[in-house]
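Engineer: Assemble the whole structure, with the sequences as input and the hints as a guide.
Protein chains: 2
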Amino acid sequence: MSAYKVGIVGITGAVGQEILELLTARNFPVSELRPLASARSAGKKVEFDEKTWTIREATPDSFEGLDFAIFSAGGSISKLLAPEAVKRGCVVIDNSSAFRMDPNVPLVVPEINSHTLREHKGIVANPNCSTAIALMALYPLHKAFGLKRFFASTYQAVSGTGAAAMAELKNQVAAWAAGKPIEHHVYPYQIAFNVLPHVDLFLPDGYTKEEMKMYNEGRKIMELPDLKCTCTCVRVPVFRAHSISIDAEFERPVDVKVARRAISEFPGAEVCDDPANKIYPMPLDFQRKVKCGVGRIRKNTAFDNGLAFWVCGDQLWKGAALNAIQIAEEMRNQDLLPQH
Amino acid sequence: MSAYKVGIVGITGAVGQEILELLTARNFPVSELRPLASARSAGKKVEFDEKTWTIREATPDSFEGLDFAIFSAGGSISKLLAPEAVKRGCVVIDNSSAFRMDPNVPLVVPEINSHTLREHKGIVANPNCSTAIALMALYPLHKAFGLKRFFASTYQAVSGTGAAAMAELKNQVAAWAAGKPIEHHVYPYQIAFNVLPHVDLFLPDGYTKEEMKMYNEGRKIMELPDLKCTCTCVRVPVFRAHSISIDAEFERPVDVKVARRAISEFPGAEVCDDPANKIYPMPLDFQRKVKCGVGRIRKNTAFDNGLAFWVCGDQLWKGAALNAIQIAEEMRNQDLLPQH
Chain S
25 MSAYKVGIVG ITGAVGQEIL ELLTARNFPV SELRPLASAR SAGKKVEFDE KTWTIREATP
85 DSFEGLDFAI FSAGGSISKL LAPEAVKRGC VVIDNSSAFR MDPNVPLVVP EINSHTLREH
145 KGIVANPNCS TAIALMALYP LHKAFGLKRF FASTYQAVSG TGAAAMAELK NQVAAWAAGK
205 PIEHHVYPYQ IAFNVLPHVD LFLPDGYTKE EMKMYNEGRK IMELPDLKCT CTCVRVPVFR
265 AHSISIDAEF ERPVDVKVAR RAISEFPGAE VCDDPANKIY PMPLDFQRKV KCGVGRIRKN
325 TAFDNGLAFW VCGDQLWKGA ALNAIQIAEE MRNQDLLPQH
Chain A
25 MSAYKVGIVG ITGAVGQEIL ELLTARNFPV SELRPLASAR SAGKKVEFDE KTWTIREATP
85 DSFEGLDFAI FSAGGSISKL LAPEAVKRGC VVIDNSSAFR MDPNVPLVVP EINSHTLREH
145 KGIVANPNCS TAIALMALYP LHKAFGLKRF FASTYQAVSG TGAAAMAELK NQVAAWAAGK
205 PIEHHVYPYQ IAFNVLPHVD LFLPDGYTKE EMKMYNEGRK IMELPDLKCT CTCVRVPVFR
265 AHSISIDAEF ERPVDVKVAR RAISEFPGAE VCDDPANKIY PMPLDFQRKV KCGVGRIRKN
325 TAFDNGLAFW VCGDQLWKGA ALNAIQIAEE MRNQDLLPQH
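Protein chains in written order, with our numbering: chain S, 25 to 364; chain A, 25 to 364.
Take these hints with a grain of salt, some might be off.
The list makes no distinction among identical chains, and a pair is therefore deemed to hold if it is satisfied within one copy or across any two copies.
Dumping the calculated SDA-like pairs for lysine to any residue here, alpha-carbon to alpha-carbon at most 20 Å [as the list claims (entries may be wrong)]: (1) 315 x 135; (2) 29 x 363; (3) 204 x 191; (4) 172 x 328.
Everything labelled a hint here was simulated from the structure, so no lab data went into it.
Structural biologist: So this is what it looks like as structure tokens:
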């Protein structure tokens, strides 16, 4: 079986660690791991596949000889180094938002639009975390009823901001329990026992960049250029799984049983919906799960052809590392990965 | 100045304590306080107006000689004892859901429909907490643009469940910080570091009773019998202020500046909306505030005549105790309170 030379840019971050774990858990064949990070982390070691690998500084030359690299180090690093990797024959799977809306870059959720991978020109974009998770419910419902419009309000875990934010929530709660002052450095305000209607930067029209990702990326991934959506993104004091409340309007009449079946037959989601027995998705239950959970599925009382529902999914997995590895797996299946 | 003989049913609960504090803070003239509770608490003392008052068991005869009583002890106590109080000439301001949809009972948010108070037949209902807070934004926007339809997703504090739930969140976090197992008794699942898409009981159609309160009470209070709404109610690990994300469609074209002005001119709300300077309402900032905060006001990208916005308000105040006292104040202004 062929094995790959794999780079991971941002190995020391929250997503980098999950990529290592998922490559192992999913038996992805790796002949060489090249962990890359900023100069500050160069020389540190990571364990993978019962071997020790040394972190190198990510530079244009770091990509020589690699088959593909997963980037999780933010948009500016991706903009700088992804083209350098591509020049050197290394396919890039990019977790940042840098290339997602580039018409020459496929933006891929493998369960939805893996056919677009074959058009790649070296870079494949991994979607925004909330978008990927929301689509695990929206896409099968779109196939069943024809999606016309939706409203999403998110309950986003701190993992989406990275390892420092996870530490900040932990530290704030520990300080609170010890009766000490609560400090904040990562977020503009305390996140423990609070919610912040603010994820990513604000744009002049009052939306955040995160909110417009759901709008734009949803259209591109589902190939619905006229889809209407409004999203409100909110950070909550949860560690690592996102939740999303969605109201959706469809072209055709809806039926809750048909909706449940459509979701349960979709590979990226599981139905978790038995209110009488207090069964619904919760972020604590959807940490470290491959499938996203969909529940609270009911007829929308404000739209004739509408549904309301609730989705939970692991931000670090389907929202980032898992989807990136699923892209690599699918590219391998389609014979789209080089082998040096 | 006339002063009143005031009963408080549920004096030992989270709302009861806030009622005492607000009666003092707002200089409501009380000549006699009659604190009432279950037999278990009878004989305990409360401090009010620099005097000590003894808690009595709430029974039909407890209301003899009272001018009005505020009930905050749940629907079954209200159903049992409110008619007994009325029989004895005591006006009832009821915080429970028992009488809210009764066509003979005014359901009142004083800033919106205080004119309905004069039709009271002894009982006035205080609305559901999320509904009262959402209406602090929805009503002024309705007056400005004509409300047609809205979608609400809530981020509800544990105070809405009562003092035991506030203690449960505190205990769970303390246990977590001490590395001890997390126990739950009040909620069906852990609330610390989690969110529960479950507030109040589930109905056969998949909605919760709480979600249908927003639907039904919003229609009654705003006198909009055809208003369409879907609500998803979610409990978050926040102590005492609720937040609500709302997408609303209006009859007439909307304008963000006009929307801000309408809200700022409304007595129950303040605009807290300057995203460029990271100014938006957060539950931590809207604890113990008389006005609810409205921010993130922007054009809705999924409706032609739509807005998206975010509201925060203290569940124990505007969502319960404060609104009840505002009803008493307004009834006093309208000379609708008896004096024994």
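Engineer: Now tell me if each hint is right for this structure.
Structural biologist: Each hint, compared with the structure:
no.	hint	result
1	315 x 135	within (11 Å within a copy, 47 Å between copies)
2	29 x 363	within (8 Å within a copy, 86 Å between copies)
3	204 x 191	both (16 Å within a copy, 19 Å between copies)
4	172 x 328	both (12 Å within a copy, 14 Å between copies)
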